[in-house]
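Colleague: Chain residues, written in single-letter form:
Protein chains: 2
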Amino acid sequence: MAASNSPAAHPAGALSYGASGVDYARIDPLKLDAQRAALATGAHLDRHGFSEVASSRGESAYVVDVGPFYLASIVECLGSKALVADAMAALTGKSAYAGIAQDTIAMAVNDLVTVGATPLVVQAYWAAGGSDWFNDAERAEALVAGWKRACDQCGISWGGGETPALAGIVEGGRIDLAAACTGIVSPKTRLSLGDHLAPGDAIVLLASSGIHANGLSLARQLAERLPRGYLTPLTESAVPTSFGAALLEPTVLYPPITEALYRAGIRVRYAVNITGHGWRKLMRHPAELTYRIRQLPDVPAVLAFIQNEARLDARTAYGTFNMGAGFAVFVPAEDAERAAAVARKAGVDAWVAGSVEAGPRRLVIEPLDLEYGGDELGVRL
Amino acid sequence: MAASNSPAAHPAGALSYGASGVDYARIDPLKLDAQRAALATGAHLDRHGFSEVASSRGESAYVVDVGPFYLASIVECLGSKALVADAMAALTGKSAYAGIAQDTIAMAVNDLVTVGATPLVVQAYWAAGGSDWFNDAERAEALVAGWKRACDQCGISWGGGETPALAGIVEGGRIDLAAACTGIVSPKTRLSLGDHLAPGDAIVLLASSGIHANGLSLARQLAERLPRGYLTPLTESAVPTSFGAALLEPTVLYPPITEALYRAGIRVRYAVNITGHGWRKLMRHPAELTYRIRQLPDVPAVLAFIQNEARLDARTAYGTFNMGAGFAVFVPAEDAERAAAVARKAGVDAWVAGSVEAGPRRLVIEPLDLEYGGDELGVRL
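Keeping their order, the protein sequence lines are chains A and B. Residue numbering for the first sequence follows our numbering, beginning at 1 and increasing consecutively. Residue numbering for the second sequence follows our numbering, beginning at 1 and increasing consecutively.
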């Protein structure tokens with residue numbers, strides 16, 4: 001229930017979120033109302049002998065102290081990436097729903113692990129526009145198989161879910177996909193809500209696989225502008241592919257990395273899933289701290305293509321997309337190189353990208369000469 | 001992820017679920033595939049030192065043994081009741097979204113408590129067809145206020161949630177509402193998965209408040225047939241009301257009752273949330289047992305109206321709607337009268353309705369001379 005600022009100003013002719021159908025300014029008053037109302041319910045846990053971890057309000061997952069460990073829970077929506085899969089299926093005859101399933105689970109588990117939780121159970125929410133959605137057996141089987149594979153990769157039990165047919169609410173031929181995830185933080189020292197985040201800590205970035213599931217509204221709008229649409233060859237890519245196929249690369253699942261970091265004894269003080277608001281999410285923690293980035297990743301071909309074709313300046317691109325970094329862990333400086341090595345060994349590229357400094361809450365991306373102020377990311381009350 | 005049979009055959013001219021847009025037969029193969037795939041992921045919990053409670057597969061919430069207690073989780077969809085609220089708002093100018101919020105939470109928590117869990121955290125899933133949905137401030141505020149009030153009534157902390165704008169997936173002007181809920185079963189002896197369900201146990205039924213959120217597709221189809229639609233006066237009702245207003249009576253929240261039963265020392269052996277499939281849900285447990293009902297509740301006016309206007313025979317009506325009983329608890333015979341008294345004292349009418357007997361899996365409703373075979377409810381692998 002994070003409140004959101006709209007992306008930074010755009011150069012003339014560029015695509016923007018306002019134009020692409022997502023108007024965060026209109027949603028925010030409701031989100032703020034909801035956050036206030038939700039906050040007032042936390043005290044109910046007292047009657048059960050438990051208590052909320054107040055600093056998890058406004059973070060990516062909600063945390064409750066249940067005694068021997070913390071409980072963390074979340075629900076997350078895929079967003080509009082399924083529309084790209086539908087469009088590509090119409091063009092190519094191939095279903096990308098196995099990847100879409102992975103994307104949906106990634107939205108939930110990559111947020112859940114930021115608080116130090118081990119995801120245990122995922123529940124599927126697959127709301128179709130009508131029961132005929134399930135008539136496409138290949139697509140339905142891909143969704144099931146991809147969902148299971150993502151659970152296998154993360155060591156999560158798929159507990160069940162809900163598969164309603166919602167004609168009149170969900171559009172015909174479409175599906176609204178979400179995942180609910182419950183996990184525990186155990187031992188309790190794994191809790192990584194940033195209480196010990198401090199100047200001198202290192203920022204270790206983990207590579208993304210592409211656009212993940214953030215920024216698809218803008219990408220879809222761009223596809224409409226291109227003469228060959230989703231089939232536009234992606235010349236930036238090392239291997240021949242199309243814009244649409246590259247968009248559908250599934251989101252990296254980060255739980256195996258956070259679990260590997262824990263097993264290696266890395267002390268993660270804070271973590272951020274880089275989704276909406278792009279790199280501005282690096283300032284997610286409310287403390288007055290400056291985040292300085294010195295090492296950028298290679299930009300995935302699909303994001304370089306979008307930045308170029310949509311004529312986005314660097315400020316907008318890094319303030320909107322993951323630009324090659326899908327997840328950040330904040331660790332003591334002496335753990336940093338080892339954290340990156342552990343992640344690489346577990347299969348995800350990683351690098352020590354920068355550090356936390358004393359100073360006003362802001363993000364400085366040195367190689368791009370960019371700075372975002374703390375007021376450019378409003379995700380909490 | 002329960003598989004579903006279609007309702008029993010209907011008399012000529014009657015409304016049926018096939019005709020009203022929900023074709024369970026088309027969804028079931030996917031559900032069965034998903035159940036099989038999900039089943040295969042349960043063993044992942046071993047690596048975290050935990051294990052699933054296998055008998056919770058196919059029940060209303062998924063249960064994991066995390067050591068000191070059990071963890072239960074669920075995600076549930078409201079279904080199409082919001083469409084009735086939208087239609088009534090267009091006719092009367094009043095928003096019923098506070099009640100709709102309660103309905104949505106009820107769908108999740110009333111299922112969660114069947115396994116003996118205390119709901120702790122609810123996450124909101126509010127996917128709108130566009131950010132303009134939130135422009136109607138009265139409606140949005142009602143949704144927030146109703147959501148909070150339901151949390152207050154159940155002693156649940158509202159942990160957060162997701163409020164995406166999904167143009168192109170959710171229809172314009174509509175909202176797809178769901179709730180994810182996490183709870184614990186503590187002490188572990190509260191687990192009520194029916195392992196000790198036995199002949200001689202009593203069936204205690206708890207009153208519903210009306211249609212709840214089950215059977216709305218059929219009710220909507222009926223409204224289209226009526227000359228005055230949702231504004232048709234409900235002459236069956238003791239207080240003047242319309243068909244539409246009566247449909248929007250919010251679902252009873254049963255967690256305060258199940259908590260009161262626990263505090264009173266009632267040993268609940270099994271519990272059923274009476275939703276889809278109506279009273280056939282009383283046969284939910286897989287054991288070979290016969291369920292005999294001897295005492296019927298008064299039928300809520302809105303359900304009597306539907307049964308009459310849609311020309312449903314008793315077999316169809318009780319096999320589809322809650323017909324006045326929204327929840328069932330199965331308790332030792334000697335606890336039965338006290339269980340009903342505890343529920344009534346906690347504000348929900350209740351009565352000892354019947355008993356569990358040795359015999360083939362079937363439901364016998366004696367006062368109506370009705371019998372449903374176990375093959376008329378397929379909700380598990």
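Among the clues, some could well be false.
Stretch by stretch, here's where chain A covers chain B in the computed footprint (C-beta under 8 Å, at least three residues) [claimed, not checked]:
(1) 78–91
(2) 175–186
A short, non-exhaustive set of chain A residues, derived as facing chain B with CB atoms under 10 Å [stated by the list, open to error]:
(3) Gly42
(4) Ser73
(5) Ala90
(6) Gly93
(7) Val121
(8) Ala127
(9) Leu143
(10) Ile156
(11) Gln295
(12) Pro297
(13) Val299
(14) Trp351
Think of the hints as simulated: they come from the structure by calculation, not from any bench. No residue lacks a Cβ here, since even glycine has one placed at the ideal position from N, Cα and C.
Colleague: Compare the structure with each hint and give your call.
Modeller: Verification of the supplied hints:
Coverage of the stretch 78–91 of chain B by chain A holds. Counting CB-CB distances below 8 Å, 4 residues qualify, and the rule asks for three or more. With 6 residues having a Cβ less than 8 Å from any Cβ of chain A, the stretch 175–186 of chain B passes the three-residue criterion, so the hint holds. Interface hint status for Gly42(A): upheld, as the beta-carbon distance to the closest one in chain B is roughly 5 Å, under 10 Å. For the restraint placing Ser73(A) at the interface with chain B, the shortest Cβ-Cβ distance is roughly 5 Å, inside the 10 Å limit, so the hint holds.
For the restraint placing Ala90(A) at the interface with chain B, the shortest Cβ-Cβ distance is roughly 14 Å, beyond the 10 Å limit, so the hint is violated. With 10 Å as the threshold, the beta carbon of Gly93(A) stays out of range of chain B, its nearest partner Cβ sitting at about 20 Å, so the hint is violated. Given hint, Val121(A) at the interface with chain B, holds; its Cβ is 5 Å from that chain's nearest Cβ, closer than 10 Å. For Ala127(A), the interface hint holds, since its Cβ comes within 10 Å of a Cβ in chain B; the closest pair sits about 6 Å apart.
About 8 Å separates the beta-carbon of Leu143(A) from the nearest beta-carbon of chain B, less than 10 Å, and the hint is met. Of the supplied interface hints, the one on Ile156(A) holds, with its beta-carbon coming within about 6 Å of a beta-carbon of chain B, less than 10 Å. Here the hint on Gln295(A) is broken, as its CB sits about 32 Å from the closest CB of chain B, past 10 Å. Because the smallest distance between the Cβ of Pro297(A) and any Cβ of chain B comes to about 27 Å, over 10 Å, the interface hint for this residue is violated.
Taking 10 Å as the C-beta contact cut-off toward chain B, the hint placing Val299(A) at the interface is violated, the least distance being around 26 Å. Interface hint status for Trp351(A): violated, as the beta-carbon distance to the closest one in chain B is roughly 28 Å, over 10 Å.
The earlier numbered hints that this structure contradicts are 5, 6, 11, 12, 13, 14.
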